[in-house]
Every structure is written in structure tokens, then in C-alpha cells.
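Residues per chain, in single letters:
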Amino acid sequence: MAYSIKVNGTSHSVDAPDDMPLLWVLRDLLGLTGTKYGCGIAQCRSCTVHLDGEAVQACQVRIADVGTRAVTTIEGLASAGTLHALQQAWIAEDVAQCGWCQPGQIMSAASLLAKTPHPTDAQIDEAMSGNICRCGTYNRIRRAVRRAAGGTP
Amino acid sequence: MTALDRRTFLRISASGAGGLLIGFGLGCKDKAKPKPSPGPSPSPTPTGDGTELNGWIRIDPDDTVTMIVPEAEMGQGILTGVAMILAEELDADWATVRAEHAPADAATYGRQSTGGSTSTRANWDALRKTGAAARAMLIAAAARQWGVPLAECDTEPGKVVHAGSGRSERYGALAAAAVHETPPDEPPLRDPARYRLIGKPTPRLDQRPKVTGEAVYGLDVKLPDLRVAMLARPPTFGGKLATLDATAARAVPGVRDVVEVPAGVAVIADHTWAAMKGRDALVVTWEPGPNAGLSTEQVSATLRELAPGGVVVRADGDAAKAIAAARTKVTATYEVPYLAHATMEPLNATAVVRDDGAELWLGTQAPSNVQQTGAEILGCAPDQIAVHTMFLGGGFGRRSQVDYVAEVLQIAAKTKGTPIKLVWSREDDTRGGYYRPSSLALCEGALDGDGWPVAWRQQIASPSILERFGPLPKGIDDTAVEGVANLPYALPHVHVTYGKPDLPVTVWFWRSVGSSQNAWSTEHFLDELAHAGGKDPVEVRRRLLVDKPRHRGVLDAAVERAGWGTPLPAGRARGVAVHESFGSVVAEVAEVSIETGAPRVHRVVCAIDCGRPINPEQIEAQMESAIMYGLSAAMHGAIHFKDGRVVEGNFDTYPVVRMREAPVIETIVLRGDAPPGGVGEPGLPPLAPAVCNALLALTGKPVRSLPIRLA
Ligand code: FES
Ligand code: FES
Chain A
0 MAYSIKVNGT
10 SHSVDAPDDM
20 PLLWVLRDLL
30 GLTGTKYGCG
40 IAQCRSCTVH
50 LDGEAVQACQ
60 VRIADVGTRA
70 VTTIEGLASA
80 GTLHALQQAW
90 IAEDVAQCGW
100 CQPGQIMSAA
110 SLLAKTPHPT
120 DAQIDEAMSG
130 NICRCGTYNR
140 IRRAVRRAAG
150 GTP
Chain B
0 MTALDRRTFL
10 RISASGAGGL
20 LIGFGLGCKD
30 KAKPKPSPGP
40 SPSPTPTGDG
50 TELNGWIRID
60 PDDTVTMIVP
70 EAEMGQGILT
80 GVAMILAEEL
90 DADWATVRAE
100 HAPADAATYG
110 RQSTGGSTST
120 RANWDALRKT
130 GAAARAMLIA
140 AAARQWGVPL
150 AECDTEPGKV
160 VHAGSGRSER
170 YGALAAAAVH
180 ETPPDEPPLR
190 DPARYRLIGK
200 PTPRLDQRPK
210 VTGEAVYGLD
220 VKLPDLRVAM
230 LARPPTFGGK
240 LATLDATAAR
250 AVPGVRDVVE
260 VPAGVAVIAD
270 HTWAAMKGRD
280 ALVVTWEPGP
290 NAGLSTEQVS
300 ATLRELAPGG
310 VVVRADGDAA
320 KAIAAARTKV
330 TATYEVPYLA
340 HATMEPLNAT
350 AVVRDDGAEL
360 WLGTQAPSNV
370 QQTGAEILGC
380 APDQIAVHTM
390 FLGGGFGRRS
400 QVDYVAEVLQ
410 IAAKTKGTPI
420 KLVWSREDDT
430 RGGYYRPSSL
440 ALCEGALDGD
450 GWPVAWRQQI
460 ASPSILERFG
470 PLPKGIDDTA
480 VEGVANLPYA
490 LPHVHVTYGK
500 PDLPVTVWFW
510 RSVGSSQNAW
520 STEHFLDELA
530 HAGGKDPVEV
540 RRRLLVDKPR
550 HRGVLDAAVE
560 RAGWGTPLPA
570 GRARGVAVHE
580 SFGSVVAEVA
590 EVSIETGAPR
600 VHRVVCAIDC
610 GRPINPEQIE
620 AQMESAIMYG
630 LSAAMHGAIH
640 FKDGRVVEGN
650 FDTYPVVRMR
660 EAPVIETIVL
670 RGDAPPGGVG
680 EPGLPPLAPA
690 VCNALLALTG
700 KPVRSLPIRL
710 A
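So the protein sequences, as listed, match chains A and B.
If you read the first sequence in numbering that gives the first Met the number 0, its first letter stands for residue 0, the second for the next number, and so on.
If you read the second sequence in numbering that gives the first Met the number 0, its first letter stands for residue 0, the second for the next number, and so on.
Bound conformation, chain A alone (with noise of 0.2 Å):
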């Protein structure tokens, strides 16, 4: 089946399975494999991406179901090369170990700022916890979503 779906301000036509998860359309049709497979049943958010601005799971939305919302992956975060503030904030924390949690991670605290713009530590970690990393940066996390936030880290 044909879909065109519109991925980082991009259109693309691909020809998929309606029940392609967005994840693997984007990792495997795309090309675009900042975004991350971690578990394929909603438990670890290494795959969030945003649709319309809002945080999805990649792995959880079938292509058929994209429609005409705008998707923004990792890849599509900074703009015009420049680094969205929270990538900055990531790396002036120096948070990321193996980093293939932290597409996720970002995607998450994208939206996480896009609602909240000063959120409380309670509701960094609300937000945050619904993504794994096994390399346990959490503390360096909660550091640069403040610091992304003009709190204090």
C-alpha cells in the first residue's frame, strides 16, 4: 500500500504494509534511525517521536494510522542548525553513556517542555519515567531538562 506521510517538514511516498509500525518505516524505509527500537510494546520510549507535537511511540502507530500529522523525529529537532535547547542541555551535562536511549529521551522532554515550560521536579520525573535507559543517566537528565528549562541544573 502507498502512503505519504510528511516527516520533518519532508513529504515521502513509501509503499508499506499498513500495519508497518512508523518506527520501522522510518528506520527501515527512510532511512532516519535516530529513531530507536528498544522493546516494540510501548515499555521503553526509545522510539518517541512526535506527531503534531505530541509524544508518540513509533512502535505503537501503525502507518495506515499517520494520516496527514506532521511527524518529527530526532533527526528534524534542531532547526537551521542550530540545536534544539535540550540537545545543548544534553550535551553541556555530558548525559549521554551508550546513547541509544537518548533520541527518546529528548523526544520525551521536547514535549515534556512544549506543555510545561518550567516544570517541577515531580512532573520532570512524571514525564520522564515512561523511558528506560540501562545506562541509568537519570540524574543527568533531570540536570538538563532543568537546565533546558532556564532552571538551575
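I should point out that these hints are in silico values taken from the structure, not numbers from a laboratory.
None of the values given here were measured: they were computed from a predicted structure.
Even for Gly, the Cβ is constructed at its ideal location relative to N, Cα and C.
Restraint-style ranges between C-beta atoms, simulated for each label pair:
#1 A:Asp51 <-> B:Ser294: 41 to 51 Å
#2 A:Thr67 <-> B:Lys700: 51 to 61 Å
#3 A:Ala113 <-> B:Ser294: 44 to 54 Å
#4 B:Ile707 <-> A:Ala77: 39 to 49 Å
#5 A:Ala91 <-> B:Gly469: 45 to 55 Å
#6 B:Asp269 <-> A:Ala69: 24 to 34 Å
#7 A:Asp18 <-> B:Lys239: 25 to 35 Å
#8 B:Gly17 <-> A:Gly52: 45 to 55 Å
#9 A:Ala91 <-> B:Gly17: 29 to 39 Å
#10 B:Pro234 <-> A:Asp17: 23 to 33 Å
Keeping the supplied structure of chain A fixed, place chain B with the ligands upon it in accordance with the hints.
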């Protein structure tokens, strides 16, 4: 080829860009004896003249200094750490330094480059000498150009300077001429007091690509005509394929082929989704084999039965007599389950097999073992297997095993010329057959008349990791008893035994290996003894660590920062633990309460003595990482067996710590002069006992099995 010493060789050449390229070979550990750490024995590429190269320094005319590092970056910051040591001695300008994995560019660097688990620890001297030799060559080139004596030249970051004439020249401008210089036999090393990089907190060099999504991991590899394969494997140890009907699988759109290989049945498809659906559509039955009845209860019973009759590992004094005679004694049985590594990036590997060998792209902690495996499967020489090391989405020991390499090569051998990416699902990864061994320890201890511990007996039963590498010396697997065999406490009577069970579960190195369970049993048991004697756990440790200054040092630093002995909010308690592993000693103090029936760890203070710290920033990061990894194991980790099969599958059944459970961590890095110790693993062992010791203080009840389940 120049020999700096027995271990360090250099090869000098011009880089493609008209700069200087120095190839070096890093330490080859004894191949025959696997190390009790993830990633046994590297065997770097032979260069044809008896030496082996596996790393490079490249200095380009634009001043960029690129360190090409023969180490797997799995999150531990090794690219940055190795680059820092080289750059320190080279006196490079850090702003111009880049670090890359050992190359994919066969034309420039030779056919193959591997290195395996050579660590900063193992290569401290070799790296310094290599950097120093490069600096000496740049100085020699400048001195020749200026017609001044060598001894009058010095360096400043990124350039050679001549004080007498005020001349200076950038490394980039000297690089081409330096190709013709010969490095001295004993290049002078910098005075540690003048280090500019080593010992300074330094951000990682690989942050940017990891926050933009540009970093390429094994699962991200793209190649023309790449096919994705998923494998249906026998669900039991020793199981075999019985019947297969692939009709439905072949009918799944995107599925190209279904092939039988020794490891199972592979579905080959255009993309991962088709491979997953194709595998789901296989109609397959398995011959369960001899281990169909395997269960967790059976494992437990086997260990329990075996523990009392093991071989003697250590015998100081007469523990049995002292315990029998003591008025106050404590006995306890501690048990831990098998654990999966659960790296965040599930296992995967990409390979293309050709008539003259194979080429692989993957995250691996042991590239040389990958070559060896390829040679065995394809019947060729190891140097006919080219290995491209990608970023690793976590290793923790799992990626030093090569089972997934064998699998992809078996499949790719059937699709010659077409590259295959073998993808493991999360469930495959959890059930994939290599685990931290289960372990059971019978502990007995005795106190003297004043309530101080005097005797300790610990009988351990635990499956052997090392037996696969050859007969165990004296029947002892060192990894199963590490931390107990070398119990640091000054006790007159210590008796330690080891019993090796015969169990079909395949076991492997898991972050911090035997220390992951032995620190827990020893440090929690010590608190049980302290509790029985009415002593403060810190006082007991100080008294028994009389001749262990490094242990005392980290203990004192951690308890002081943690405010040991000062009041806490009601319902909270502190626990402390100290443990040495991988050449480093770590103490941790955990602050714990009980919330809705489960422990809640609020804060962990950690102090590490890892000898000379290379990069305190990364040491802190590794302590944080190991503490969270240890907390996942202590709170949640367990692999169970039922009817021969692994029960757990995905993160819903094999949960790990999330942010809401994550304690605040404070790390103190002590400064020593000893060569650098390990930092990736030693932060893990003290965590579980520190938490359990806090629970003992809080409830009066010990924890006798992991994960922690409060009654
Ligand atoms: S891969 Fe989508 S939530 Fe884990
Ligand atoms: S950085 Fe490795 S899983 Fe998060």
C-alpha cells in the same frame, strides 16, 4: 616499525590528507587465559612482521588530531579516555582532538583492525609512550627545519616552540615533515604534576552525534541490498528443530526466504517488520531435548545441595572450630538469580559472506573473537574476516559473547554476496541464552566476647563461566568466588569453598561479574554480624580494615559526605558497603525508606579510589550508571525457568529502574598515584548490600535473596 618497548610498536606513514599517521599496537593480554572481565583476550591484526597494530593517531595539515581507538565505545567513555591519554603526552590542543572507532577504511589502515577489550587500565603505559613518541617526532621535525638543537625545542598545546628565537609552528604544518623522523626509543613522558588533561573533568567527544541521532550503531547500519533476518530458536537449552512449515511465512509480503541454519530457522525479508511477521507466521515445533524439565526450583535445589561440599578456596585459621566454640554465631543463606544484560539496543549484527571471507558491521566488545568465530564457521583464516565496530547501544559484558555473530554468519553464508542484518527482538534478547550465573552462599560467622567478628565461613555454589575456556585450576572458578576469596577483613579465621554445579543454563560475564553477587553476600553478612554484636557497621569495618588503606579511604570519604550517624527523617535509614573489584575500591552509602511495601532508595553517596583518575567526569558518570544498573538488579532483576524455558521476555516482565525510582547520586573521586583502575564495573557491587544494610537497620530483618522482596 619501531619498538618502544616489548608491548608498544609504532608504524609511521603519511596520511591520505598529507599529514602524519602513526599506527600503534596496544597490549595483547594472555590469550590462553580468559580474564574474569567482559571481553576475553583480544588478538589484534598481525601486520605481517610479527607485530600488531590496532590504533592510530592522525595529524592532518589543518591541525585536526584524530585518535582512532581500538576500543568498543559502549557508553563507558573509552573513546574520550584513550584520546585524553594520547593527547596529554602528544601535548595536543584538545579543541582539535577527535576520536573515532577503529576504522572501516581498509585502504588506509590495512585490511582489518581490531583490539578487543584492551582497557585504559591495561594500556596506560603504552598509550602514554605512543603519544610521547608522536610529540618527539614533531619536535624533531621542527628542530630540523629551524636548524636548532632538539633540546632547545619544547611544545605548547598543538605546536612546537623554540624559546631562543621565539619561533613556533603548528603540529598540522609539521605533520608531513615528521613522517621522516624516527621516534626515540624512550620518549620522555610528561611530569604528572604538569598534566593538562589527565585528571581534569572532560566532556565526552561523542555527545553531539548521540543527541542528534547521527551516531551509527549496529542496528543502524545501511548497505545496498541489505536484507533483515530474524531467527526462530529452540526455546530450550539443547533443543532442536522438529518440524517446520514455512508456507505462511513465505507468503508474508516482504519475506524473501526462509532458511534452516544450525542456530534455528531464519526468515529473511526486505525490512524488520516483514521479518518479524514472517517469523510469527512460521509453523514450527521443537524437540525439547534433555533440559525440558529445567526450572528455577531445580536450579535452587541443586545449588543448595552442592554448597556444603565444595573445594577449599581459602583457609585462614580454623573457622569451623572457632564458630563451633563461639557463644554468638550467625548463619545465613544468600541466593541470587540468573540475570539478563538487557542492553538498550537489542543484539544484532550485519554480515556479508563472499568467496574470500566475510565482512561484518556490529557492536562488539571482542572484535578478535568475532574474527575467530568467522574463521571457524566459514573455514577461512581470521584475517579474512573484516570487522567494522559500530557504536554499541550498551555492552555490560553481553557483547563480548559471539553467539549472535555465529548466527548472522550462518545465515549470510546462505545468501552469499547479499548482506544480512540479523535483528534480535527484545524478547529474543532476554531469552537469548547468556546470563549472569545464579549463586548461593552459605555463610556462618562468629563473634568474640565483645561482639566483634572473629570467624567467617562462606560456602559458595555457582555455575562456572570460565569452564568453557578449559579445565578450572583446582576446580575453582575465580569469577564465582571473587570478592570472597579476597575478603579484605582482618579476621583470624576465614574459610571459603566453591562448588560447581552442572546446569544447562549458559552463563557469561555480566557487569562486575562475580562481585555483583559476592559483594552483596559478604557486605550484607558483615552487617548481620555487626547487628548481632550490637556494633555500628562503620566501626566494624574500620576495625577490620586495619591494613587496607584504600578501603578505609573510600569508607571514610563516603560516610563523611553521607552524614553517617546524623539524624534522618523518620522512616529512613542508611546502609554502607565497601568492595574492591577491577583494581578499584568503592564505598557506597544508601539512604532508604519503605514506600508501599517496597524499598525506596533516595540518595546514594559513592566514593571511589581508582588510582590515578583519568577523567573524573566520566568516573562520576560510570558510578551513576553502575549504581542504577545494580539497583535494577537489586530491586527487580530475575530470570526464571519453567519447563526448560525462560519465563521473562520484555521490559514488562523484566523490569528495570526508571527515573521515578532513581536515587540522587553523589560521587567522590579520590586521587591516587596507582595506575588507573577500572571504572565501568566497580560502582555496581556495593549498591545492593548498601541498600540491604539500610533495610536491616530500618526493619531489623536481613534480606536473604535478590531481588529484594519485603515480606
Ligand atoms: S520501542 Fe517503542 S516503546 Fe520501546
Ligand atoms: S545512554 Fe545507554 S541506554 Fe541510555
